[in-house]
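Trainee: The residues making up each chain are set out below.
There are 2 protein chains.
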Amino acid sequence: MDFRTEFKPLTIQPEQIEGRSFEMITEEIGEHPFTAEQYPIVQRIIHASADFELGKSVLFHPDAIQAGIRSIRSGKKVVADVQMIQSGANKARIEKYGGEIKVYISDPDVVQEAKRLNTTRAIISMRKAVKEAEGGIYAIGNAPTALLELIRLIKEGEAKPDLVIGLPVGFVSAAESKEELAKLDIPFITNIGRKGGSTVTVAALNAISILADRV
Amino acid sequence: MDFRTEFKPLTIQPEQIEGRSFEMITEEIGEHPFTAEQYPIVQRIIHASADFELGKSVLFHPDAIQAGIRSIRSGKKVVADVQMIQSGANKARIEKYGGEIKVYISDPDVVQEAKRLNTTRAIISMRKAVKEAEGGIYAIGNAPTALLELIRLIKEGEAKPDLVIGLPVGFVSAAESKEELAKLDIPFITNIGRKGGSTVTVAALNAISILADRV
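Protein sequence lines correspond, in order, to chains A and B.
So that you can map any letter, position 30 of the first sequence is 29 in numbering that gives the first Met the number 0, and since no number is skipped, the others follow by simple counting.
So that you can map any letter, position 191 of the second sequence is 190 in numbering that gives the first Met the number 0, and since no number is skipped, the others follow by simple counting.
Heads up, some of the hints might be wrong.
[Claimed, not checked] Taking lysine-lysine and the PhoX-like style, the derived pairs with C-alpha atoms no more than 25 Å apart in a straight line are:
hint : chain 1 : residue 1 : chain 2 : residue 2
1    : B       : LYS114    : A       : LYS90
2    : A       : LYS55     : A       : LYS101
3    : A       : LYS101    : A       : LYS76
4    : A       : LYS101    : B       : LYS95
5    : B       : LYS95     : A       : LYS114
6    : A       : LYS182    : A       : LYS95
7    : A       : LYS154    : A       : LYS95
8    : A       : LYS90     : A       : LYS76
9    : A       : LYS95     : B       : LYS76
10   : A       : LYS90     : B       : LYS101
11   : A       : LYS159    : A       : LYS182
12   : B       : LYS101    : B       : LYS55
13   : A       : LYS90     : B       : LYS90
14   : B       : LYS159    : B       : LYS101
15   : B       : LYS90     : A       : LYS114
16   : B       : LYS114    : B       : LYS130
17   : A       : LYS55     : A       : LYS95
18   : A       : LYS114    : A       : LYS90
19   : A       : LYS55     : B       : LYS154
20   : B       : LYS76     : B       : LYS154
21   : A       : LYS182    : A       : LYS130
22   : B       : LYS130    : B       : LYS76
23   : B       : LYS76     : B       : LYS90
24   : A       : LYS76     : A       : LYS55
25   : B       : LYS90     : B       : LYS101
26   : A       : LYS101    : B       : LYS55
27   : A       : LYS154    : A       : LYS130
[To be verified] Covered, in the sense of this in silico footprint (three residues per stretch, anywhere, with C-beta under 8 Å from a C-beta of chain B), are these stretches of chain A:
hint : region
28   : 37-50
29   : 64-76
Note that these hints are calculated values from the structure, not bench results.
Glycine included, every Cβ here is placed at the ideal spot set by N, Cα and C.
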């Protein structure tokens with residue numbers, strides 16, 4: 000491939016863009032309730048959304064970060080509700096420890112079973128996930144029904160995730176599903192309200208894997 | 000695979016979730032500047048972000064929607080800056096007309112050239128895209144440097160996209176890149192400010208392909 004277009008220097012170098020963004024977030028965030036351990040995760044969520052309101056709405060179970068770090072270091076699977084999270088997340092850092100990111104929502108058996116039961120593929124994908132991925136991190140950024148089903152499976156003792164990153168977005172059941180998650184005494188990262196989504200879920204997951212990969 | 004978990008009916012059926020969300024958006028949006036043609040795109044952007052402020056910040060070039068519809072119907076390529084957009088977008092509707100979604104950012108020649116020039120892979124991916132994908136829709140949701148480079152290539156006559164969906168998110172250059180796009184007299188969909196991202200870019204692209212697929 001021939002890139003004949005003239006090179007025009009950037010005013011800021013590529014490796015500086017992220018650092019400068021993080022500085023701007025710290026300059027602008029003002030008062031916040033987060034610990035020094037939690038702040039880097041919130042910072043990445045704000046970086047991915049440019050939304051301080053969303054960042055400040057994040058809630059952490061006290062064991063969340065350490066549990067997430069241990070899970071990645073022990074090479075457990077990460078389960079995501081949608082492909083976008085698998086695409087966006089840094090896979091190299093997870094695979095380095097023997098883990099991988101799994102998404103079950105498009106599996107033919109999941110699609111078929113969801114049709115048969117007239118329910119969402121997201122729900123059935125969680126039922127499959129808890130059978131195939133023991134423990135591990137669950138990263139849910141899109142489907143409130145996936146998070147509600149995972150909560151049910153946890154309550155019934157069928158699922159025991161190391162960490163639930165539950166940040167689905169939306170108008171129907173998203174806020175409610177996150178309220179339910181925040182009531183559980185298990186490691187979780189979630190937020191208050193309708194906002195969320197795949198990009199901020201990726202940001203939280205990447206933040207955890209960066210911490211896990213730091214000596 | 001055996002799904003032995005008992006089926007628990009949803010209070011709302013899967014096919015109703017999206018419809019109910021759209022109703023809630025219309026109930027809550029209040030006054031807005033969008034035409035009847037533009038509103039469905041904004042509605043999908045709000046659906047994907049749960050953010051009315053972001054939705055109301057969207058700007059349309061007057062030819063944007065019709066140009067996007069024509070592009071998809073004529074089977075032109077869609078170029079995205081990042082994999083997450085390729086993962087999240089409805090590919091079936093684009094492929095039905097002969098098109099496909101291309102992402103060049105991880106191509107080995109792009110990675111190598113970016114290193115050599117000490118610039119971003121996003122920039123080099125746009126240079127490759129304009130050589131490989133004639134016309135078509137450019138959907139940029141992550142990298143302001145990709146959008147700035149595409150604008151430069153348009154100004155220099157090296158790129159002539161059918162439609163630019165430019166919704167990158169971030170603190171460094173994102174708002175500025177979108178301001179530059181909005182000055183061009185070419186079909187664009189963009190927004191004012193730092194907010195944006197892959198999920199809302201997917202929402203806008205899906206909204207256009209839905210319109211294209213409607214008889």
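Trainee: Given the hint that LYS76 (chain A) pairs with LYS55 (chain A), does the C-alpha gap stay at or below 25 Å?
Mentor: Between LYS76 (chain A) and LYS55 (chain A) the Cα gap is close to 28 Å, so the pair fails against 25 Å, i.e. violated.
Trainee: Need the status of pair LYS159 (chain B), LYS101 (chain B): alpha-carbon distance at most 25 Å?
Mentor: Given pair LYS159 (chain B), LYS101 (chain B) holds - Cα atoms ~16 Å apart, limit 25 Å.
Trainee: Hey, LYS90 (chain A) versus LYS90 (chain B), does the alpha-carbon distance stay inside 25 Å?
Mentor: holds, 23 Å
Trainee: Taking only the CA atoms, is the gap from LYS90 (chain B) to LYS101 (chain B) under or equal to 25 Å?
Mentor: holds, 11 Å
Trainee: Does LYS154 (chain B) lie within 25 Å of LYS76 (chain B) when you go C-alpha to C-alpha?
Mentor: Distance ~21 Å between LYS76 (chain B) and LYS154 (chain B) Cα, so the pair holds.
Trainee: Within 25 Å, alpha carbon to alpha carbon, are LYS101 (chain A) and LYS95 (chain B)?
Mentor: violated, 28 Å
Trainee: Is the straight-line distance between the alpha-carbon of LYS114 (chain B) and that of LYS130 (chain B) 25 Å or less?
Mentor: At roughly 20 Å apart (the allowed maximum being 25 Å), LYS130 (chain B) and LYS114 (chain B) satisfy the hint.
Trainee: For the pair we were handed, LYS114 (chain B) and LYS90 (chain A), check the Cα-Cα distance against 25 Å.
Mentor: Holds, because 21 Å separates the two Cα atoms, which is no more than 25 Å.
Trainee: Tell me if the straight-line CA distance from LYS101 (chain A) to LYS76 (chain A) falls inside 25 Å.
Mentor: Status holds; Cα separation ~7 Å.
Trainee: Can the region 64-76 of chain A be counted as covered by chain B under the rule of three residues or more with Cβ-Cβ separation shorter than 8 Å?
Mentor: violated (count 0)
Trainee: Given the proposed pairing of LYS182 (chain A) with LYS95 (chain A), does the C-alpha separation stay at or below 25 Å?
Mentor: violated, 33 Å
Trainee: LYS76 (chain B) and LYS90 (chain B) were given as a pair; does the straight-line alpha-carbon distance stay at or below 25 Å?
Mentor: holds, 11 Å
When the structure is compared with the earlier hints, violations turn up for hints 2, 4, 6, 7, 9, 12, 17, 18, 19, 24, 26 and 29 and for no others.
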